[in-house]
Amino acid sequence: MNAPDFYEMFTLPEGVKKVAVQLDPKQPNTAIFEVQKEDHTLGNILTKRLLKDKRVLFSGYQVPHPLEHKILIRVQTTDEVSPIEAVRDSISALLVELSNIRSKFEFDLARAKAEQEAMGTTEGAGPGAEHRHIYPKDSGADPTLDVNVDVDF
Amino acid sequence: MAFNAYDSTLAPGADEPQIHIREITDDVLDFVLSNTDLSVANSLRRAMIAEVPTIAIDIVQIESNTSVLADEFLAHRLGMIPLQSINADRMKYTRDCSCIQACENCTVELTLNVKCTEDRTLEVTSRDLMSSDPKVLPVLSDPDDQGILIVKLRKGQEIKVNCLAKKGVAKEHAKWSPVSAIGFEYDPHNRLRHTHLWVEEDPAIEWPLSHNAVEEPSDAAYDYKAEPNRFYFRVETVGSLPPEQVFTGAVRVLQDKLGTMQIKLKEDDEPENNGFNAMGDPQDGIFNSQDGWNNF
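Residue numbers (full-length UniProt numbering), protein chains in the order written: chain Z, 1 to 153; chain U, 1 to 296.
Simulated from the structure, these hints should not be mistaken for lab results. C-beta atoms are modelled at their ideal positions from N, C-alpha and C, and glycine is treated no differently. Possibly wrong hints are sitting among the right ones.
Partner residues are not named here, just some residues of chain U that face chain Z (Cβ under 7 Å, in silico) [what the hints assert, rightly or not]:
id, residue
1, 24
2, 244
3, 251
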């Protein structure tokens, strides 16, 4: 079988750079970032974020081949900023946005859980309330498993 | 007028993303993410499906299998059984582990040893799997759950297998996906015209509105500059991880990806520090680890 090994999707071979930056010789302020072992998940957020930056004239990415686990991100900027700096700014902005999303989520999770607990005590209702607590709350051994173990060998 | 990439996100409050959780149960998380870009919402969706690590049976050593199922058939079925994976963040990937094939840092052993001795069909289920780690057990939705049927045995048939469960991500094999499905929708009234509704006579009759339609006004005129802004998610897990951990895990994955790239860009070029700690908060409970997450 000539299928490529799955680990090629995440393991960076020895001596290969995670990110290689190449300046485009034909255009000013243009760089191509070759990012190994990444896909649309990273390429899309990054290029879309770059487009929101007024100093960025062009940003786009491609996955050159479905069996090569890398992406190429092309960025052209005005002369106010270098493509590398623009990418860094976009990454920082995205990291801020994500940690914002994370904290907003945790905040609202507490609210939603408190609300559902309150509903549970009055009516036992609420969508899905009939199967709460799959997980042993103290995450010790699952007491439910005691029932089944006597199989005849 | 010079644009500062920070301005739009660091301006207090104004442009921050918002989350409203509509439903949370043990296996469903339904929420609305707003004030963010479609690309961020979609990357979160992709990360939840394919990049949040869980534990699943990966290697099956078959000592005896006299059932009607072939060995590889049985091994495949065992692999698909969801295992409680709250411990996955504390486990190592075998490829990052110092051991050669398996050790307690990267592997959980499960054994299945069942023989049918009575004159009737014996159903072997996920409940018959014995785990070496009390925290990594086959998922059961409640105490009455029968477990997942693996194979049926008639009198005299026997199954004796040793399974090695490993940490992994669904990018490698879908058995590691913590979710069975994610509902994802934006613009339920198609005001942005991103969808072309094929229609015979009247789209209002032929295309019933989704339940998310009540969240948005329907009457706005077409605005060609408008961008999607509210995203409706419904995350349904297989039970290996609670849904809120799937979400926070996905955020963490994206932060790690971006952080790694930020650091690699820094390493390559001028050693200037722009003051941002790219790897996220170190006190982070769930995925705070020395386990290879940052190991690219």
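Quick rundown of the hints versus the structure:
no.: 1; hint: 24; result: holds, 5 Å
no.: 2; hint: 244; result: holds, 6 Å
no.: 3; hint: 251; result: holds, 5 Å
In summary, the structure agrees with every hint in the numbered list given earlier.
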